[in-house]
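Asks: Each protein sequence line maps, in turn, to chains D and H. Position one of the first sequence corresponds to residue 1 (my numbering), numbered consecutively onward. Position one of the second sequence corresponds to residue 1001 (my numbering), numbered consecutively onward.
Hints may be right or wrong, so weigh each one.
What the hints assert, rightly or not - Below 20 Å or equal to it, Euclidean Cα-Cα: the simulated SDA-like pairs (lysine to any residue) are:
hint, chain 1, residue 1, chain 2, residue 2
1, D, Lys130, H, Lys1235
2, H, Lys1118, H, Glu1064
3, D, Lys259, H, Glu1268
To be verified - Covered stretches of chain H, as calculated for chain D (at least 3 residues, CB under 8 Å):
hint, region
4, 1028 to 1042
5, 1078 to 1092
6, 1169 to 1176
What the hints assert, rightly or not - With the C-beta cut set under 10 Å, the calculated list includes, among others, these residues of chain H facing chain D:
hint, residue
7, Tyr1014
8, Ser1020
9, Lys1045
10, Arg1135
11, Gly1143
12, Asp1164
13, Leu1238
14, Ile1254
15, Pro1257
16, Tyr1260
17, Leu1273
18, Ser1275
To be clear, the hints were calculated from the coordinates, so they are not data collected in a lab. Everything numeric in this text was worked out from a predicted model, so none of it was measured. Where a beta carbon is used, it is the ideal one built from N, C-alpha and C, also for glycine.
Single-letter residue listing:
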Amino acid sequence: MEITFEHVTHSYNPNSPTANLGLDDVSFKIQDKKFTAIVGQTGSGKSTLVRHINALLKPTSGTITVGDRVITPETNNKNLKPLRKQVGMVFQFPESQLFEDTVEKDIMFGPMNFGASADDARESAHKMIKLVGLDESLLEQSPFDLSGGQMRRVAIAGVLASDPETIILDEPTAGLDPVGRQEIMDLFKSLQQDGKTIILITHNMDDVANYAEEMAVIHRGKLIAQGIPQEVFNNQELLKEDLLTLPKSAAFAKELTEKGFSFEKLPITINELGTEIEQQLNGD
Amino acid sequence: MEKIISIKDLNYTYPEAKRSAIKNLSLDIYKNEWLSIVGKNGSGKSTLTKLIDGLIEADSGTIEVAGQIINEENIWEARTKIGIIFQNPDHQFVGATVEDDVAFGLENQGMPREEMVKAVDEALILVKMADFKERDPQSLSGGQKQRVAIAGVLATKPQIVIMDESTSMLDPDGRKTVLNLVQQLRSQQDLTIISITHDIEETELSQRIVVLNDGQIVSDGKPEEIYDLGADLQKFGLEEPFTSELVSTLRDTIKLPDGYLNEEELKEQLWKLHSNM
Ligand SMILES: Nc1ncnc2c1ncn2[C@@H]1O[C@H](COP(=O)(O)OP(=O)(O)OP(=O)(O)O)[C@@H](O)[C@H]1O
Ligand SMILES: Nc1ncnc2c1ncn2[C@@H]1O[C@H](COP(=O)(O)OP(=O)(O)OP(=O)(O)O)[C@@H](O)[C@H]1O
Ligand SMILES: [Mg+2]
Ligand SMILES: [Mg+2]
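This is chain D alone, in the form it adopts within the complex (with noise of 0.2 Å):
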């Protein structure tokens, strides 16, 4: 589904002396079936903008269109049933999604609410935990009796059981070791080259790269800048404004470039760069 933003405005506590705006007239549009990072500061709006999707909050003004379905400042709790199911999110904090007493009704909670029966929603949990890189064992244990990361997977097993065809991510590998970070964006990425739309927020630059076909920057509640990674790593105003920072092998490259090196473009991964580097010192 392709996921549309006009003028979305949100102002937090908007009656009162301390509003602030969360979102100011964003518009923009999310491609269905594509990988789509949204990057930006600290409380710059990113975890704001993403729960307008699937209507957890609603806009102070302006409209979001998912697929056939319109939020607008008016549209109330009813029936969100359909859309919810559609648009599956994961939170930035995991522990904020888990309620269940064991780890397996947990993740058997979203496909039972939607209508699925207690076998098919057990088999799925079976198969989740798994799938995020966990022992079977832990379905019987209490999710608050996990370490970080663990718990960090369950969350991710539960949305993903569901089967939503939008899968919202807010920074879903934050507290993933780096070998459980790398195979859970593999996941992600084989999702959606099976037909799902990813929207991942990140603070890491080098999974954008590697991993998104889309990005959008957000600042102090604005859209600042969208477009494939390749061109929004290269954008010379972001950057001389600090308004972004750069993967790993873009800044690295940017420093070779003091003594001897040039790029036409920056390379934004590894490979890149070292095809990159090696062309320029083997002369071919």
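Place chain H with the ligands on chain D using the hints.
Replies: Relative to the frame of chain D, chain H with the ligands by itself:
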């Protein structure tokens, strides 16, 4: 070097758990050291910090903090020396406003009100959260919560600061700023830092890295020694540093020295090759 924490033969199994979370672990931590603890999810890192802070009690073994073996009687005193920034900042918040929250630890120390107001302001300025003083901590963004949690602990001026993945949700610049701040306080206030992290770049700031696996220490050394472990890094859930990965893609066609190179060293090598062309 003076020991500030000395752990001997520590064992811990969670009630009803089938496996031990910490197995026969011994570790000395020195005053003013920055120690990184790394390892896979579930390897026992957070459990170890909870044992050090006396939040859970070991099944066997001892933990000495600043010369005293901790027990039920003296744990409160030991705790005043230790500041823990927990993995989930929500577990840390007690106040209804950011300001109250940071003040809480100081109030417990019996700091006079006037001094406290000043200390709270200072701590919030250091982490760039002064503008959010009156907000409910629960309403902050993920990274803002982490900043406030850090301020709350730094304000109490502990001798030992334990950071359990406490910068995992900061943007790259914000993370650098906070880590530099911690580094600065370490030298000014003679702090000891124990930092649990999955971020290999963060470990470069430390003097020593301890690798935990399945409740045991499997490696203990200077960062460059640990980075040189090669394939074992993956086995313990770790990633290769950026430079090592780049060097391995280049080695086939470009001659580079053996061993771990940091960014500066690799740049020098590449520049040299370029100027000799
Ligand atoms: N419930 C709330 N009430 C008031 N202000 C809020 C609330 N939730 C968020 N905000 C504010 O809105 C702004 C955007 O917050 P948001 O959580 O969207 O940021 P973010 O980009 O996700 O940041 P991070 O990377 O730190 O998670 C922040 O300044 C935040 O303090
Ligand atoms: N409250 C608890 N009750 C029972 N078992 C627990 C509890 N907390 C953690 N465990 C288990 O103890 C082991 C060590 O957990 P710990 O939280 O120390 O890991 P960690 O190294 O901090 O992992 P992470 O990187 O995911 O935070 C794990 O197998 C975990 O499932
Ligand atoms: Mg957020
Ligand atoms: Mg932990």
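Asks: May I ask you to test the interface hint for Arg1135/H with respect to chain D, counting a Cβ-Cβ separation under 10 Å as satisfied?
Replies: holds (7 Å)
Asks: Hey, does the Asp1164/H contact hint survive, CB to chain D under 10 Å?
Replies: holds (8 Å)
Asks: May I ask you to test the interface hint for Ser1020/H with respect to chain D, counting a Cβ-Cβ separation under 10 Å as satisfied?
Replies: At 14 Å from the nearest chain D Cβ, Ser1020/H fails the 10 Å test, so the hint is violated.
Asks: Going by Cβ atoms only, is Lys1045/H closer than 10 Å to chain D?
Replies: It holds, given that the least Cβ distance between Lys1045/H and chain D is near 8 Å, below 10 Å.
Asks: If you take the shortest Cβ to Cβ gap from Gly1143/H to chain D, is it below 10 Å?
Replies: holds (3 Å)
Asks: Does Tyr1260/H pass the interface hint, meaning its C-beta sits closer than 10 Å to a C-beta of chain D?
Replies: For Tyr1260/H, the interface hint is violated, since the closest Cβ of chain D sits about 16 Å away, which is over 10 Å.
Asks: Was the hint right that Tyr1014/H lines chain D, CB cutoff 10 Å?
Replies: At 7 Å from the nearest chain D Cβ, Tyr1014/H passes the 10 Å test, so the hint holds.
Asks: With a cut-off of 10 Å, does the beta carbon of Leu1238/H approach a beta carbon of chain D closely enough for the hint to hold?
Replies: Holds, about 6 Å.
Asks: With a Cβ-Cβ cutoff of 8 Å, does the region 1028 to 1042 of chain H contain at least three residues near chain D?
Replies: With 4 residues in contact (Cβ-Cβ under 8 Å with chain D), the coverage given for the region 1028 to 1042 of chain H holds.
Asks: Against chain D, with CB atoms and a cut of 10 Å, does the hint on Ile1254/H hold up?
Replies: Cβ of Ile1254/H sits 6 Å from chain D, so the hint holds.
Asks: Are 3 or more residues of the region 1078 to 1092 of chain H near chain D, judged by a Cβ distance of less than 8 Å?
Replies: Answer holds; 3 residues pass the 8 Å Cβ test.
Asks: Can you confirm whether chain D covers the region 1169 to 1176 of chain H, using C-beta to C-beta distances below 8 Å and requiring at least three such residues?
Replies: holds (count 7)
When each numbered hint is compared with the structure, violations occur for hints 2, 8, 15, 16.
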